[in-house]
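Going down the list, the protein sequences come from chains C and U. Under the working numbering, the first residue of the first sequence is numbered 7, with each subsequent residue one higher. Under the working numbering, the first residue of the second sequence is numbered 412, with each subsequent residue one higher.
Everything labelled a hint here was simulated from the structure, so no lab data went into it. Glycine residues also receive a C-beta, built at the ideal position from the N, C-alpha and C atoms. Keep in mind that the hints are not guaranteed to be accurate.
Here are some, though not all, of the chain U residues that point toward chain C, as calculated from beta-carbon distances under 7 Å [what the hints assert, rightly or not]:
1. 468
2. 493
3. 497
4. 502
5. 505
6. 550
7. 551
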Amino acid sequence: MNPCFALVDCNNFYASCETLFRPDLRGRPIVVLSNNDGCVVARSKEAKALGIKMGVPAFELKQLFEDGALLAYSSNYALYADISARVMTTLEMLAPAVEVYSIDEAFLDLTGVSHCTALERFGHSVRQTILQNIGITVCVGMAPTKTLSKLANHAAKKWHKAGGVVDLTDKTRQRKLMALLPVGEVWGIGSKLSARLNKLGIHTVLDLADASPSFIKQQCSVVESRIVAELNGESCLALEQVAPTKKQIISSRAFGERITSKEMMHEAIAEYISRACQKLRKEKQQAKQLTVFIRTSPFSDRQRDQYYANSITTALTHPSADTRDFLSVATKLLDKIWKDGYRYAKAGVMLADFYDEGVYQVDLFEPAPPAYQSKALMTVIDTINAKSGRKVWFASQGASQAWSMKRAMLSPQYTTKWTDLPVAK
Amino acid sequence: MSVEILGQAELNQPTFIPLYGDLISAGFPSPAQDYVEQTLDLNELCIRHPAATFLVRVSGDSMKDKGILDGDVLVVDRSVNAVHGSVIVAALNREFTVKELCLKPVKQLLAHNKTYQPIPLTERDEFEVFGVVVSVVRKMVY
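Required output: the full structure, derived from the provided sequences and hints.
Structure below.
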C-alpha cells in the first residue's frame with residue numbers, strides 16, 4: 007500500500023489559546039511574549055497584519071501597547087500544554103497513528119485511508135472536529151512522504167482557497183507547488199544550508215527535487231539526499247511514535263531581576279537542579295554528568311554591565327537520579343565559576359551521560375554506589391509535588407525565590423486551575 | 412517552538428472512590444471487607460469526551476429555575492451539537508453567557524428566571540456557541 011502522511015499544524019497556536027476564553031479579544035492584534043516578557047514569540051493573524059515580526063523585543067512595541075493598539079500576553083505554558091494535549095488526543099481518535107512533532111504540530115499516518123474516504127474530505131473532517139471540539143483552527147497537508155506533507159501544509163496555510171486542507175498526492179500538483187517555493191521552505195533545510203544550495207544553483211524546491219541524489223549526498227550529506235528522495239515521493243522517514251530517549255536535560259531561565267549575590271544564585275541553581283532531576287526521574291533515567299552555567303546579559307550596556315559568562319562540567323562517580331547528589335556537586339561547581347561584582351541575567355544546569363536505571367556497571371576499583379534509600383525518598387518527593395503543586399523542596403532552593411521569572415501579563419490558567427475557570431453570565 | 416508537554420489537565424486524571432457493596436458491621440471483621448466491588452470515578456459520570464470538555468464558572472442567577480446557580484461549575488462539552496432546547500455556553504457580543512438555545516419559532520436565547528427577557532439573536536449579533544452544558548457541579552459543604 008502506498009504510504010500517506012498528513013501534517014496537522016495549529017494556526018497561530020499560542021495566540022489562539024489566549025483568545026479561546028476571551029471572546030472580547032477575537033479579531034484584535036495579540037502577541038505572546040517569551041519567558042521574562044523579553045520578545046515576541048507568537049502573533050495573532052491581526053498582529054501579523056500589523057507587520058509585527060517574530061523575535062521583536064517587547065520594549066520596541068511599548069508605544070503600541072500603551073495605545074492599546076496591540077495586546078501582549080506572557081507565555082502561559084500551562085494553558086498551551088493543556089490545549090495541545092486536547093488537540094493531540096483528538097487526533098489520536100481520528101487517525102490510525104500519530105506522531106506529536108511539537109506543541110502545535112503532529113504527523114498522522116494515513117496509509118490506507120484513501121481506500122475508505124477521499125483524502126481531502128478526511129482532511130476537512132479533521133479540521134472541522136478540532137475546531138468544534140477544542141476551538142482551535144488547524145491546517146492539514148497530505149502527501150506520500152513527511153517532507154511533502156510539510157510542503158502541503160505550507161500551501162494549506164498560504165493558499166486561502168484551499169480552506170485549510172491540501173491533498174498533495176498528485177505528482178503534477180507536487181511539481182507545481184515545488185516550483186513556486188524557495189528551497190529554504192523544505193523541512194530540514196535551514197538558512198545556512200539553503201544559502202549553500204543557492205550557490206550550487208538550487209533555488210526552488212523543485213530544483214532540489216530534480217537534483218541528483220548522489221550529487222547532493224556528495225555536496226551535503228546523506229540526510230539531504232534523503233530529503234531529495236522524499237521530495238520525489240519516496241518515503242524515507244517513518245512516523246516516530248516513541249519519543250527517542252533524551253540525550254540531555256537542560257533547566258535554565260533568564261532571571262526576572264538581575265542576580266548579584268552568590269546566595270541567590272545558589273538558590274536558583276538548586277531550583278534548576280531539582281527540576282532537572284525531577285524530569286530525569288520521570289524519564290526513568292540516571293545521569294552521570296552535570297554542567298552549571300551562569301552569564302550576565304549580552305544585550306545590556308557594556309559601560310555599566312561588564313560581560314561575564316562561564317560554565318563548568320563534572321562527572322559524578324556513579325550515575326544518579328538523586329537530587330541531593332547533584333545539589334552537593336553543583337555547590338562546588340558554582341564556587342569555581344562564580345565571580346563577585348557582576349549582574350547575572352541567566353543561569354542553568356544540564357544533565358547528560360544518561361543510563362537506564364540499573365544498567366550501569368560498577369568498575370572493580372570504583373567505590374560502591376551509596377546505598378541510602380534514594381529511590382524511595384525521591385519517589386515520595388515527586389509524588390507530593392505532583393499532587394499538591396510543588397510543596398516539598400530542598401532547603402537550598404530557598405523559599406521566596408525573588409529571582410524567579412517575570413511574567414507580568416500572564417493570562418489565567420483557564421483549564422488547569424479551579425480559581426481561574428472562565429466565567430459565563 | 413520547543414516546549415515540554417506538562418500532561419493532561421487534572422480534569423482528565425480519574426479520581427477513584429471505592430464503592431463498598433456491603434454495610435459496615437461493627438465487631439467481627441466482615442469477610443466481604445476485602446471485596447471492593449468497583450471504584451467510581453466522578454469524571455466518568457460527568458465527562459464523556461475529556462479532550463472536548465471545559466469547565467466554566469457561573470456568575471449570576473439568570474438560569475436559577477433550571478437549577479444553575481451563581482458559583483456553580485458547568486461541565487461544557489464542545490463535541491456535542493447544540494440543538495433546540497440545549498443549555499449552552501455561548502459567546503454573545505464578546506461575552507460568555509449560559510442560556511437555553513431556542514431555534515423555533517425564532518432563534519433566541521432563553522433565561523430561566525422570570526425577571527430576564529428572552530434575547531433575540533439577529534444578524535447583527537456576534538454569536539458563537541462555545542459548547543453544550545452536560546452537567547452542573549455544585550459544592551454544598553467545602
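Against the structure, the hints:
no.: 1; hint: 468; result: 4 Å, holds
no.: 2; hint: 493; result: 10 Å, violated
no.: 3; hint: 497; result: 14 Å, violated
no.: 4; hint: 502; result: 4 Å, holds
no.: 5; hint: 505; result: 4 Å, holds
no.: 6; hint: 550; result: 10 Å, violated
no.: 7; hint: 551; result: 16 Å, violated
Hints 2, 3, 6, 7 from the earlier list are contradicted by this structure; the remaining hints agree with it.
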